[in-house]
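So the chains spell out like this:
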Amino acid sequence: MKKMDVLLNRNYEWSLYNRIRRNKACYLMLAPYFILFFLFTVLPVLSSIFLSFTTFNVLEPPVFTGWDNYIRLFLDDDIFKIAIKNTLVFAVITGPISYFMCLLFAWIINEFKPRVRSILTLIFYAPSISGNAYLVWNLILRGDRYGLLNGWLMDLNLITQPIVWMKTEKYVMLFLIIVQLWLSLGTGFLTFIAGLQTIDRSLYEAAAVDGVKNRWQELWYVTLPSMRPQLMFGAVMQITQSFAIADVSINLAGNPSVNYAGATIVTHLMDTGSIRYEMGYASAIATILFLLMVGTNKLAQRILRKVGE
Amino acid sequence: MKQKRIRKRLTHHSLNRSMAGNVMLFVFMGICGVFMAAPLVLIISNAFKPLDELFRYPPMLFPKNPSMDNFSDLVVLMSNSWVPLTRYILNTIIIVAGGTVGHVIIASMAAYPLAKRDFPGRKLLFNIVVLSIMFTWQVTQIPNYLIISKLGINNTYLALILPSFAFGLGLYLMKQFMEQLPDSMIESAVLDGAGEFRIYWSIIMPNVKPAWLTLAVLQFQQMWGNTGSTFLRNEELKPLQYSLQQIINGGPARQGAAAVVTLIIAAVPILFFILCQSNIIETMATSGMKD
Numbered sequence: 001m002k003k004m005d006v007l008l009n010r011n012y013e014w015s016l017y018n019r020i021r022r023n024k025a026c027y028l029m030l031a032p033y034f035i036l037f038f039l040f041t042v043l044p045v046l047s048s049i050f051l052s053f054t055t056f057n058v059l060e061p062p063v064f065t066g067w068d069n070y071i072r073l074f075l076d077d078d079i080f081k082i083a084i085k086n087t088l089v090f091a092v093i094t095g096p097i098s099y100f101m102c103l104l105f106a107w108i109i110n111e112f113k114p115r116v117r118s119i120l121t122l123i124f125y126a127p128s129i130s131g132n133a134y135l136v137w138n139l140i141l142r143g144d145r146y147g148l149l150n151g152w153l154m155d156l157n158l159i160t161q162p163i164v165w166m167k168t169e170k171y172v173m174l175f176l177i178i179v180q181l182w183l184s185l186g187t188g189f190l191t192f193i194a195g196l197q198t199i200d201r202s203l204y205e206a207a208a209v210d211g212v213k214n215r216w217q218e219l220w221y222v223t224l225p226s227m228r229p230q231l232m233f234g235a236v237m238q239i240t241q242s243f244a245i246a247d248v249s250i251n252l253a254g255n256p257s258v259n260y261a262g263a264t265i266v267t268h269l270m271d272t273g274s275i276r277y278e279m280g281y282a283s284a285i286a287t288i289l290f291l292l293m294v295g296t297n298k299l300a301q302r303i304l305r306k307v308g309e
Numbered sequence: 001m002k003q004k005r006i007r008k009r010l011t012h013h014s015l016n017r018s019m020a021g022n023v024m025l026f027v028f029m030g031i032c033g034v035f036m037a038a039p040l041v042l043i044i045s046n047a048f049k050p051l052d053e054l055f056r057y058p059p060m061l062f063p064k065n066p067s068m069d070n071f072s073d074l075v076v077l078m079s080n081s082w083v084p085l086t087r088y089i090l091n092t093i094i095i096v097a098g099g100t101v102g103h104v105i106i107a108s109m110a111a112y113p114l115a116k117r118d119f120p121g122r123k124l125l126f127n128i129v130v131l132s133i134m135f136t137w138q139v140t141q142i143p144n145y146l147i148i149s150k151l152g153i154n155n156t157y158l159a160l161i162l163p164s165f166a167f168g169l170g171l172y173l174m175k176q177f178m179e180q181l182p183d184s185m186i187e188s189a190v191l192d193g194a195g196e197f198r199i200y201w202s203i204i205m206p207n208v209k210p211a212w213l214t215l216a217v218l219q220f221q222q223m224w225g226n227t228g229s230t231f232l233r234n235e236e237l238k239p240l241q242y243s244l245q246q247i248i249n250g251g252p253a254r255q256g257a258a259a260v261v262t263l264i265i266a267a268v269p270i271l272f273f274i275l276c277q278s279n280i281i282e283t284m285a286t287s288g289m290k291d
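Respectively, the protein sequence lines represent chains Z and W. Going letter by letter, the first sequence gives residues 1 to 309 in our numbering. Going letter by letter, the second sequence gives residues 1 to 291 in our numbering.
Keep in mind that the hints were calculated from the coordinates and are not lab data. Do not rely on the hints blindly, as some may be mistaken.
[Said to hold, decoys possible] Heads up, simulated DSSO-like pairs for lysine-lysine below, C-alpha to C-alpha not over 27 angstroms straight-line:
| id | chain 1 | residue 1 | chain 2 | residue 2 |
| --- | --- | --- | --- | --- |
| 1 | Z | 298 | W | 209 |
| 2 | W | 116 | Z | 3 |
| 3 | W | 209 | Z | 113 |
| 4 | W | 123 | Z | 24 |
| 5 | Z | 24 | W | 150 |
| 6 | Z | 306 | W | 123 |
| 7 | W | 209 | W | 123 |
| 8 | W | 123 | Z | 298 |
| 9 | W | 290 | Z | 306 |
| 10 | Z | 167 | Z | 85 |
| 11 | Z | 113 | Z | 213 |
| 12 | Z | 113 | Z | 81 |
| 13 | Z | 3 | W | 150 |
Quick caveat: nothing in here was measured; it's all calculated off a predicted structure.
With the rest of the complex left out, here is chain W:
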């Protein structure tokens, strides 16, 4: 009898779940979900509010007469800018693509020996990387500025691209992900006489696609938000984010265009995340810290 009851529970979908508990969690999630989503909904709806509704009392969450005016305002504003919009977009593409591709290649090339080979110094190097994810960039910001000036790459794309290659979290996640690949894969390649670099490039890399997509998305999130104004003084070198921020800071007359800009700034990284969500979750599954 008891056996049967346990059996029934095991095959049943909701093991150990009470109805009351389910309802409670549902309601709780609903409330929290609204709190999380409301500001984002406000961003979306503001982009479609005509100017008089943006400054209306009492304030409203949703637009009454949704319009695309703000979008056309933004287009007019952007097309009148001193540096053409396409130049800002090109700068962003160069900086983000350069930083992302370089980081994924360099970090995974270093992650492979750290994950799969045993050589003197391996533990030490990895522990330093782990230490580096325990503090934020603000700690190193002043010496970093001095170092970049000393290298003579101030006011060039490289000032943003080079430091981003050495992003610690990326190497950490890549190494953890590579660790779960079976050793036999590498051993058979070694027996076939493949060199280290060949193994990395044609055996490891094709098998860690979720991890490099994750690194790319994380790197993108970091670089997308950077206005570059610490290092880039020439207007023609600045990324799109900089010109977008200028519009946000443009005062009440530009509130409509600013609302659209806020939407764009938020939407782009979210979109990338949606596209890669399952890969990112797969990578994060291996991110745990074993000591």
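Bound conformation, chain Z alone:
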């Protein structure tokens, strides 16, 4: 084993310099990916944080202005207040609901035979990968009587006049959430499906001997604790996505939407960045979005570590 450690450069008695030198080949293999990764992910995050303390219009060099952008965001920007409220509502509702939907559907699908299982997986996963197929909801939610929803509700005599769903403030968020949930069975869902299939069958048999009586107990005492790593990864996927809602809102409710009823942090970011060219201000919004996403993820990781403990 000692010899193996030397061959694989795993000898921890060497000095740090020596270990780095002996692992030269590893660093060479990491280099192409990480150079691009630093260039297109790490550097942008850092420069976004830097730019958030400046005014910057791309043409002239950035001017340092301290906390001005953040003060303006939180004290003077009424649209940002709506945007942050909507984003939190989306995140608080679609995040957990989509997470439990992923888990619940994956769990039920796992009860079926393999053939049915793969068909069901496809049906539930398909919306999340079908590009802008969600535009079809525009036909369902159309404001005149040609809209499917209006058509059906009028047929059933539940309403007499067509309702302009996406231009009525009180309905905008509701339908955006429904469409978002329809789109949300993505990577996290697949992870749960896969995780459920890898659980050792003998655990269930042992649990039956130990007195686990029904499928619900089995889920809580056996299934969930043994797929904790997948639960944590799935949470990252669902949480991150629930904070980034924008395209659905822009394409279904318009941008700007009625009284900004569908505005989110990301739509506001696009507004200030690519329309008004206030890059410093937009960077401050991006930084807040970054902190919200990462912070919530870290918090969720902490909570999930306790599952089944």
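Given chain Z, put chain W in place with the hints provided.
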């Protein structure tokens, strides 16, 4: 007696399953399945509706007189476009193939040392990648635009291809998948005197086929939906997705062709997923986060 009963349960297919529960789950799945599938069914059936049925009151889910008119309309529209359709398709192939192949090779080459070797900085680098899957591209979009302009690759294919190489989720999934390969595989290769790169290319890569198919499919899903309009200004460089979106935005007269376009946009990634489904599920099984 008790022993026997437990035995019977264990060998029986449905362990711990009540009939009532099964029926309940069946019905529940049925309702949810219809909700999930209905909009997709509408997309398919719209593509086959003649124009008068697309604008009909009361609206219907299924076409009465299905026709292929919309498809031929689309062909006519596309063949009259200023830039020939084949050019858009070629652009898409270059961008998607370039981004996918490059990403799979570069990401797996970095994933191998992260998964199987121990060197200073390994934990730190991987933790940064994990952090990167916790936020979305919107966070970095403004500086990214500036960086791409500074690199002088604005308005070239590279503006879309290069950033996609460094897709964080891909490296993460690949590394997690490689971790479950047995160490003995690498050890015996080392004893045979194989160098790092040889081990990666001829021992690791052939054994992680499910993972690279998954990376390719995920990368494809991302790149397929990109119209490229942020970076590509020349009409001849734009991908198929761009020209398809133009048709969707073309107003009521083009509704028929637009319905077909929506179907195509949705069908292509779904098709790729169907082809690779079992490989993707296999990869996702190892995707869990261990801390």
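Results of checking the hints against the structure:
no.	hint	result
1	Z:298 x W:209	violated, 31 angstroms
2	W:116 x Z:3	holds, 17 angstroms
3	W:209 x Z:113	holds, 25 angstroms
4	W:123 x Z:24	holds, 17 angstroms
5	Z:24 x W:150	violated, 31 angstroms
6	Z:306 x W:123	holds, 23 angstroms
7	W:209 x W:123	holds, 25 angstroms
8	W:123 x Z:298	holds, 17 angstroms
9	W:290 x Z:306	holds, 13 angstroms
10	Z:167 x Z:85	holds, 19 angstroms
11	Z:113 x Z:213	holds, 22 angstroms
12	Z:113 x Z:81	violated, 49 angstroms
13	Z:3 x W:150	violated, 49 angstroms
The structure fails to meet hints 1, 5, 12, 13 from the earlier list, while all remaining hints are met.
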